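Residue numbers (my numbering), protein chains in the order written: chain F, 30 to 137; chain X, 30 to 137.
No lab work stands behind these hints, which were simulated from the structure alone. Check before you lean on any hint, since a few could be wrong.
Which copy is meant is left open, so a pair is good if it fits within one copy or across any two.
Claimed, not checked - List time: in silico DSS-like cross-link candidates among lysine-lysine, alpha-carbon distance up to 27 Å:
#	residue 1	residue 2
1	Lys69	Lys35
2	Lys35	Lys52
3	Lys55	Lys35
Computed from a predicted structure; not experimentally measured.
Protein chains: 2
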Amino acid sequence: MATIAKGRGIVTLINVFTVGRDKQQKLVDVLIDATEHTMKSLPGFISASIHKSFDGTKVVNYAQWQRREDFEAMTRSPEARPHMQAAAALAQFDPILCDVVDSIGLDG
Amino acid sequence: MATIAKGRGIVTLINVFTVGRDKQQKLVDVLIDATEHTMKSLPGFISASIHKSFDGTKVVNYAQWQRREDFEAMTRSPEARPHMQAAAALAQFDPILCDVVDSIGLDG
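Generate the whole structure from the sequences, applying the supplied hints.
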């Protein structure tokens, strides 16, 4: 589970992967495995939510880290590297590092 | 506020806008105004969370709707059209309609 709200002072990484339809599920498996076995134990990890597009051509990882430095340390960590290489072998990706400006919802 | 969790049976729309740095804040204002004044009153709306990229070139709307039909009805609604036209005048966008496969987090 993850919560989106403004003013939390955290960093959001929205990573959009473009993938062949025959590799979408494989990429989902790689990202879940990476999160369960590596990312969630790294300093500053808050959440990772993996999404599959209905058209079969995209996977989106909506991830939250405490600080930008935590995310950057993850990208350099030897434990994360094999997972990132496995994802890069399956898809192109376009990571967006961003901040929640507003969250308007009926959840809360 | 918004909550991401698997198995909610809802539809997620991740809309990535690519924008000139001088128009990023204007686009944020257009999307917040659209949500507050129109989207949140439409049937099936759950949430919209607006994100600004640190590099100034992207805005991401992470939105949740009860059913795919609710989202599609919104895109055809006369109330929504002027807001969508205002956003389209400022940026290119690439909407991804998707499902949460997994959400792994320390929030819950």
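Alpha-carbon proximity context of lysine 69 and lysine 35, limit 27 Å | both (22 Å within a copy, 17 Å between copies)
Should lysine 55 paired with lysine 35 be assigned to within, between, both, or neither, using CA atoms and 27 Å as the limit?
-> Between copies only: 18 Å across, 33 Å inside.
Between the shortest in-copy and the shortest cross-copy C-alpha distance, which are at most 27 Å for lysine 35 and lysine 52: within, between, both, or neither?
-> Intra 34 Å, inter 21 Å, cutoff 27 Å: inter-copy only.
Checked against the numbered hints given earlier, this structure breaks none of them.
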